[in-house]
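> Sequence:
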Amino acid sequence: GVGANLLDALLERVEKTTSARQLIAVVGGSDNVGSIGLHRSRGFADVGVLRSVGWKFGKWHDCVMLQKSIGPGDSVGPGETLAGASD
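If you use the numbering used here, the sequence shown corresponds to residues 1 to 87, in order.
Just so you know, not all the hints are guaranteed correct.
What the hints assert, rightly or not - Below, a list of computed lysine to any residue pairs in the SDA-like style, where the Cα atoms sit at most 25 Å apart:
no.	residue 1	residue 2
1	K16	L6
2	K59	G79
3	K16	G3
4	K68	G79
It is worth saying that the hints were derived from the structure and are not from the lab.
Hey, can you work out the whole structure from these sequences and the hints?
The following block contains the structure:
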């Protein structure tokens, strides 16, 4: 669908044009199974749930946090490559 196409385009652009190491997704509502499932299918891992942090339409809502490593992720420090040489 449209959401999958947008997320795929974003991931491709981030991986090609930035030095980002981690991406974070904050999904409103632990019952938002569509968005959570989409992010999981693109390699995002669950890292936490903030319980009842938002009030909307007369009820409390959770925020689900997911994370995805980009490039070398946290396997090397800033300015280093996987081979250990500085950039």
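> Could you check the structure against the hints above and give me the numbers of any it violates, in ascending order?
2
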